[in-house]
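S.K.: Those sequence lines, one after another, are chains A and B. Quick note: the first sequence uses numbering that gives the first Met the number 0, first residue 0, plus one each step. Quick note: the second sequence uses numbering that gives the first Met the number 0, first residue 0, plus one each step.
One thing to keep in mind: the hints can contain errors.
Each computed SDA-like pair below joins lysine to any residue, with the alpha-carbon atoms no more than 25 Å apart [said to hold, decoys possible]: (1) A/LYS403 / B/GLU246; (2) A/LYS403 / B/LYS354; (3) A/LYS403 / B/HIS384; (4) A/LYS372 / B/SER370; (5) A/LYS289 / B/ARG386; (6) A/LYS289 / B/PHE21; (7) A/LYS289 / B/LEU382; (8) B/LYS23 / A/GLU293; (9) B/LYS78 / B/ARG50; (10) A/LYS403 / B/GLU319; (11) B/LYS354 / A/ASP156; (12) B/LYS23 / A/MET318; (13) A/LYS372 / B/LYS32; (14) A/LYS289 / B/SER24; (15) A/LYS421 / A/GLN340; (16) B/LYS220 / B/GLU246; (17) A/LYS323 / B/THR19; (18) B/LYS32 / A/ASP387; (19) A/LYS403 / B/LYS23; (20) B/LYS354 / A/ARG412; (21) A/LYS403 / B/GLN391; (22) A/LYS403 / B/LYS397; (23) B/LYS23 / A/ASP295; (24) B/LYS397 / B/THR19; (25) B/LYS354 / A/GLU418; (26) B/LYS354 / A/GLY232; (27) B/LYS54 / B/GLU263; (28) B/LYS322 / B/GLY25; (29) B/LYS23 / A/THR381; (30) B/LYS354 / A/PRO406; (31) B/LYS354 / A/ASP365; (32) B/LYS23 / A/ASP390; (33) B/LYS354 / A/MET409.
Selected chain B positions facing chain A (in silico; Cβ < 10 Å) [unchecked claim]: (34) ALA316; (35) MET351; (36) ASN366; (37) GLU369; (38) ASN377.
Because the hints were derived from the structure by calculation, they are not lab data. Note that this is a predicted model, so its numbers are computed, not measured. Note that beta-carbon positions come from the ideal geometry of N, C-alpha and C, so glycine has one too.
Each chain, written out:
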Amino acid sequence: MLGWEFPPFISGGLGTACYGLTKALSNLGVKIIFVLPKPIGPETPTHVQMLTPQHCRFSRTVTGTTEKTNELLNVQFQTVSSTPLQPYMTPQQYQKRLEEIIRQKQLLSTQSQQTLDQWLEREIESLSVGPGQYTGDMYTEVHRYAAAAVHLALQQDFDVIHAHDWMTFPAGIAVSAVTGKPLIVHVHSTEFDRSGEHVNQMIYDIERRGLHAAAKVIAVSYLTRNILMTRYGVSGDKIEVIYNGVDPEDNDDRISSQQVGIRSDEKIVLFLGRITMQKGPEYFLMAARKVLEEMDNVKFVMAGTGDMMHRIIEMAAQMGIGHKVLFTGFLRGEDVKRVYQMADLYVMPSVSEPFGIAPLEALNHDVPVIISKQSGVAEVLTHVLKVDFWDIQEMANKIIAVLKYPPLQMTLREHGNFEVRKLKWSGAAQKCLKVYQEVAQVAV
Amino acid sequence: MPSVCFYFQVHQPFRLRHYTVFDKSGNYFDEFKNASICRKVANKCYLPSNRLLLKMIQRYEGRFKVSFSITGVAIEQFKKYCPEVISTFDALAETGCVEFLAETYYHSLSFLYSRNEFYEEVRQHIELMQKMWGQTPRVFRNTELIYNNQLAETLEEMNLFDAVITEGADRILGHRNANFVYRPPNCKHLKLLLKNYSLSDDIAFRFSNRGWEEWPLDAPKFARWIDQINGCGHTVNLFMDYETFGEHQWEETGIFDFMYHLPEYILRHPDNDFKTPSEVVRSYPVMDVIDVPHVISWADLERDLSAWLGNAMQSNALHEVYKMEKLVKQTNNPQIIEDWKKLLTSDHFYYMCTKYFSDGDVHKYFNPYESPYDSYINYMNVLNHLRERCKQALTEQKVSEQASAS
Numbered sequence: 000m001l002g003w004e005f006p007p008f009i010s011g012g013l014g015t016a017c018y019g020l021t022k023a024l025s026n027l028g029v030k031i032i033f034v035l036p037k038p039i040g041p042e043t044p045t046h047v048q049m050l051t052p053q054h055c056r057f058s059r060t061v062t063g064t065t066e067k068t069n070e071l072l073n074v075q076f077q078t079v080s081s082t083p084l085q086p087y088m089t090p091q092q093y094q095k096r097l098e099e100i101i102r103q104k105q106l107l108s109t110q111s112q113q114t115l116d117q118w119l120e121r122e123i124e125s126l127s128v129g130p131g132q133y134t135g136d137m138y139t140e141v142h143r144y145a146a147a148a149v150h151l152a153l154q155q156d157f158d159v160i161h162a163h164d165w166m167t168f169p170a171g172i173a174v175s176a177v178t179g180k181p182l183i184v185h186v187h188s189t190e191f192d193r194s195g196e197h198v199n200q201m202i203y204d205i206e207r208r209g210l211h212a213a214a215k216v217i218a219v220s221y222l223t224r225n226i227l228m229t230r231y232g233v234s235g236d237k238i239e240v241i242y243n244g245v246d247p248e249d250n251d252d253r254i255s256s257q258q259v260g261i262r263s264d265e266k267i268v269l270f271l272g273r274i275t276m277q278k279g280p281e282y283f284l285m286a287a288r289k290v291l292e293e294m295d296n297v298k299f300v301m302a303g304t305g306d307m308m309h310r311i312i313e314m315a316a317q318m319g320i321g322h323k324v325l326f327t328g329f330l331r332g333e334d335v336k337r338v339y340q341m342a343d344l345y346v347m348p349s350v351s352e353p354f355g356i357a358p359l360e361a362l363n364h365d366v367p368v369i370i371s372k373q374s375g376v377a378e379v380l381t382h383v384l385k386v387d388f389w390d391i392q393e394m395a396n397k398i399i400a401v402l403k404y405p406p407l408q409m410t411l412r413e414h415g416n417f418e419v420r421k422l423k424w425s426g427a428a429q430k431c432l433k434v435y436q437e438v439a440q441v442a443v
Numbered sequence: 000m001p002s003v004c005f006y007f008q009v010h011q012p013f014r015l016r017h018y019t020v021f022d023k024s025g026n027y028f029d030e031f032k033n034a035s036i037c038r039k040v041a042n043k044c045y046l047p048s049n050r051l052l053l054k055m056i057q058r059y060e061g062r063f064k065v066s067f068s069i070t071g072v073a074i075e076q077f078k079k080y081c082p083e084v085i086s087t088f089d090a091l092a093e094t095g096c097v098e099f100l101a102e103t104y105y106h107s108l109s110f111l112y113s114r115n116e117f118y119e120e121v122r123q124h125i126e127l128m129q130k131m132w133g134q135t136p137r138v139f140r141n142t143e144l145i146y147n148n149q150l151a152e153t154l155e156e157m158n159l160f161d162a163v164i165t166e167g168a169d170r171i172l173g174h175r176n177a178n179f180v181y182r183p184p185n186c187k188h189l190k191l192l193l194k195n196y197s198l199s200d201d202i203a204f205r206f207s208n209r210g211w212e213e214w215p216l217d218a219p220k221f222a223r224w225i226d227q228i229n230g231c232g233h234t235v236n237l238f239m240d241y242e243t244f245g246e247h248q249w250e251e252t253g254i255f256d257f258m259y260h261l262p263e264y265i266l267r268h269p270d271n272d273f274k275t276p277s278e279v280v281r282s283y284p285v286m287d288v289i290d291v292p293h294v295i296s297w298a299d300l301e302r303d304l305s306a307w308l309g310n311a312m313q314s315n316a317l318h319e320v321y322k323m324e325k326l327v328k329q330t331n332n333p334q335i336i337e338d339w340k341k342l343l344t345s346d347h348f349y350y351m352c353t354k355y356f357s358d359g360d361v362h363k364y365f366n367p368y369e370s371p372y373d374s375y376i377n378y379m380n381v382l383n384h385l386r387e388r389c390k391q392a393l394t395e396q397k398v399s400e401q402a403s404a405s
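One chain only, chain A, in its complex shape (with noise of 0.2 Å):
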């Protein structure tokens, strides 16, 4: 399995998706060798669990790491130097993080990283080119990551190549060349879903190239499936269409609001995901600023980060509504819980959502939830309310009618929690599996 993000180094839903996919296909007895490029940053204190480098490429199991052990049984770790290029990021911001992880290097001191770091530095040097070429840096790093899965490939036993999003496609490509094993590429999200109508179109020709090259396609929702077959070509008897899940978390009693400066009798909307263009942050503000001529004792928590994160600011402020929307960065293990916790109602009201886990955690926290019917997630979820993205008079009449009649938050929760429990990982898997036993066939 080829990906790109798996927790807790993750920046969006991607790491979340393999995590709780690999899990289950685990507990199927699938085995599974999971390649990852080396994530290094400066906001990831644990790193040193998964990490301990000795050069450009190694392998080692987790186990004996963390309490993952006995849920990834079968999964072992790959990793793959590489800078530290996350899905969702633009080349500014890429640029930006280069230009930081060179400025934490000279804090990072530890033995056993010293090896690395003098290698990183090189291969930061010599990425570090003038501006006006970032892209390029983004594609030397795809490509030396699928450079080095070849050559890891090659030190492997294995029946099928399962790569996650456009960053891992040239290297299934390249793996399923050199082997002759079946590809499968699963997309989480398209470049449209990420840029709207601006895509960038070395992006978009690798996710074409990729999703022609596999054997087999999985989209994760029929949303992203039309997507796949009117943008990008690809035949519909190719895609299989397979929903994320969510798997049951034991339920803490929920912590009192005043922990964190709200009062009790305020209630919390809450906002959880990054923000950027494809999330719609700038919607929920303007529903919130609706919400708010109606009632007064809400609060509304914007929890993430995201390229748009000023601008939201900024837009709170103008509105007057500042005091009235909290910000907390972005969240992580134990405090997303604790958010979900203190939360009356979740709202997404993303522009394009080729799924959108998130609802599935706030419904398994017994949150209600307000998604947009631009999700994915809206196709497997009756027991919600759903609005157009756009709708901003709608949303906050919904936003309202949750807050202010709780038989309707109480037979949301009752009916929600409910039905997300059949929305398990382990039904994913299967499907995954059976996916992987097809293509292993056809190859035979």
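Position chain B against the provided structure of chain A, taking the given hints into account.
M.R.: Below, chain B without anything else, positioned relative to chain A:
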């Protein structure tokens, strides 16, 4: 010997328009949607079915008879949106072979929530039947055939009816069958007519179902089933939504043909005939007492109230709307009172049902909402606005009273 007793339910609710918390207008109902649905159903069902029944009554020279229960809100909409439907009912009424039953004018659940409102609506509906077709109904059917002993006692006290209709649910019948006239406990005068749900549903639900082993159902086969009852029943009560003809079962399924030929085969057996509910009550003796301590209805498999009262939203909405009764009636404002009554129609609560929602099953018939949640939100927004209107009207009343006093 069995008599075949047809009763058709005719009802169309006043559906609400999309109403957000930001709306401030007292205009709650979706004129356009209601008009277009009424006209559509009129063209597919009411008009062709009425013409068919008229033709049949003429053909069999009074030997074919039917009965209707038409809600007040349906009649109001026919008058407004498709008056030709009213004239075909007029023509049917004139044949003398059609009986009209009484029910709650607004097709409400008022019996369960407000006895006061229940009386008002029943009287209003009787008056309407008198005015429309010169008939004073003697048989009562409650909304969705909701029934229990208490309803029977209430009707007996009202002393307006000879019989009441309800579902022939297995759990109230036990070893008995629905094909006799029964009596509720504690009632001397009032009799009980029970729907033969198996034969009724063969027409209403299964007629076009190709997976059904009896498909295709034709008139001779159905008549044979009726004949088989000979000896173990006096009457076969076929009660169903009138929209069965042409709307639930499309014309292409052959439902109109089936209906047209049915009397021919049923009347071939000299012992069989057609009777209206009042005639059945007059013709046959009471066979037994049927005890119904718990509420039943004709809805879904459960035949209980869960279609209207199955979740927290439904019970909350019902509770809230009936809680407003006193406030609404205090205003003496006819428009406010009428709007409130239209909000009592049971369909509004049916739309909030979450029972089958995830299976994408039933409860979808002309449901104007995408989800039960949307329907609840809409309803509650309207209700809140109506409450504000009441308060305002009462304040204005007080002000004008004070002004006239001083």
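S.K.: Indicate, hint by hint, whether the structure satisfies it.
M.R.: Hints versus structure:
Among the hinted pairs, A/LYS403 with B/GLU246 is inconsistent with the structure: their alpha-carbon atoms are about 39 Å apart, more than 25 Å. Restraint check for A/LYS403 and B/LYS354: satisfied, since their Cα atoms lie roughly 24 Å apart, inside the 25 Å limit. Restraint check: the Cα-Cα separation between A/LYS403 and B/HIS384 comes to about 14 Å, which is no more than 25 Å; the hinted pair holds. The straight-line distance between the Cα atoms of A/LYS372 and B/SER370 is roughly 13 Å, inside the 25 Å bound, and the hint therefore holds.
Taking the CA atoms of A/LYS289 and B/ARG386, the gap is near 22 Å; set against the 25 Å cutoff, the hint holds. A distance of roughly 9 Å separates the Cα atoms of A/LYS289 and B/PHE21; the hinted pair therefore holds under the 25 Å criterion. Only pairs whose Cα atoms come within 25 Å are accepted, and A/LYS289 paired with B/LEU382 is accepted, the gap being roughly 21 Å. With a CA separation close to 13 Å, the supplied pair B/LYS23 and A/GLU293 stays within the 25 Å bound.
At most 25 Å may separate the alpha-carbon atoms for a hinted pair to count; B/LYS78 and B/ARG50 meet this at roughly 18 Å. Taking the CA atoms of A/LYS403 and B/GLU319, the gap is about 14 Å. The hint holds against a cut of 25 Å. Between B/LYS354 and A/ASP156, the direct Cα distance comes to roughly 50 Å. Violation of the 25 Å bound is thereby established for this hinted pair. Of the supplied pair hints, the one linking B/LYS23 and A/MET318 holds, its CA atoms being roughly 24 Å apart against a limit of 25 Å.
Distance check on the hinted pair: A/LYS372 and B/LYS32 sit about 23 Å apart at the alpha-carbon level, within 25 Å; holds. About 18 Å separates the Cα atoms of A/LYS289 and B/SER24, which keeps this hinted pair within 25 Å; it holds. A threshold of 25 Å between alpha carbons decides the hint, and for A/LYS421 with A/GLN340 the separation of about 21 Å falls inside it, so the pair holds. Distance check on the hinted pair: B/LYS220 and B/GLU246 sit about 23 Å apart at the alpha-carbon level, within 25 Å; holds.
Simply put, A/LYS323 and B/THR19 have alpha-carbon atoms about 23 Å apart, close enough for the 25 Å limit, and the pair holds. Proposed proximity of B/LYS32 and A/ASP387 is supported: the alpha carbons are some 22 Å apart, at most 25 Å. The suggested pairing of A/LYS403 with B/LYS23 holds, with an alpha-carbon distance near 18 Å, which does not exceed 25 Å. At most 25 Å may separate the alpha-carbon atoms for a hinted pair to count; B/LYS354 and A/ARG412 meet this at roughly 15 Å.
Of the supplied pair hints, the one linking A/LYS403 and B/GLN391 holds, its CA atoms being roughly 22 Å apart against a limit of 25 Å. Among the hinted pairs, A/LYS403 with B/LYS397 is inconsistent with the structure: their alpha-carbon atoms are about 30 Å apart, more than 25 Å. A threshold of 25 Å between alpha carbons decides the hint, and for B/LYS23 with A/ASP295 the separation of about 19 Å falls inside it, so the pair holds. As the CA atoms of B/LYS397 and B/THR19 are separated by approximately 30 Å, the hinted pair breaks the 25 Å bound.
For the suggested pair B/LYS354 and A/GLU418, the alpha carbons sit about 13 Å apart, so the restraint of at most 25 Å is met. In summary, the hint linking B/LYS354 to A/GLY232 is not supported, as the alpha carbons are separated by about 41 Å, beyond the 25 Å threshold. About 13 Å separates the Cα atoms of B/LYS54 and B/GLU263, which keeps this hinted pair within 25 Å; it holds. Proximity of B/LYS322 to B/GLY25 is assessed by CA-CA distance (about 20 Å); at most 25 Å being required, the pair is judged to hold.
Among the hinted pairs, B/LYS23 with A/THR381 is inconsistent with the structure: their alpha-carbon atoms are about 30 Å apart, more than 25 Å. Among the hinted pairs, B/LYS354 with A/PRO406 is consistent with the structure: their alpha-carbon atoms are about 16 Å apart, no more than 25 Å. At roughly 20 Å between alpha-carbon atoms, B/LYS354 and A/ASP365 fall within 25 Å of each other, so this suggested pair holds. Restraint check for B/LYS23 and A/ASP390: the C-alpha separation of about 19 Å stays at or below 25 Å, so the hint holds.
For a cut-off of 25 Å, the pair hint linking B/LYS354 to A/MET409 stands: about 15 Å separates their Cα positions. For B/ALA316, the suggested interface contact is upheld, since its CB lies about 8 Å from the closest CB of chain A, less than 10 Å. Interface hint at B/MET351: satisfied, since its Cβ lies 9 Å from the closest Cβ of chain A, which is below the 10 Å cut-off. Below 10 Å, beta-carbon pairs count as interface contacts, and B/ASN366 has none with chain A, the closest being about 14 Å; its hint is therefore violated.
With its C-beta approaching chain A no nearer than about 7 Å, B/GLU369 sits inside the 10 Å limit, and its interface hint holds. A hinted interface residue such as B/ASN377 counts as satisfied when its beta carbon comes closer than 10 Å to some beta carbon of chain A; here the least separation is about 9 Å, so the hint holds.
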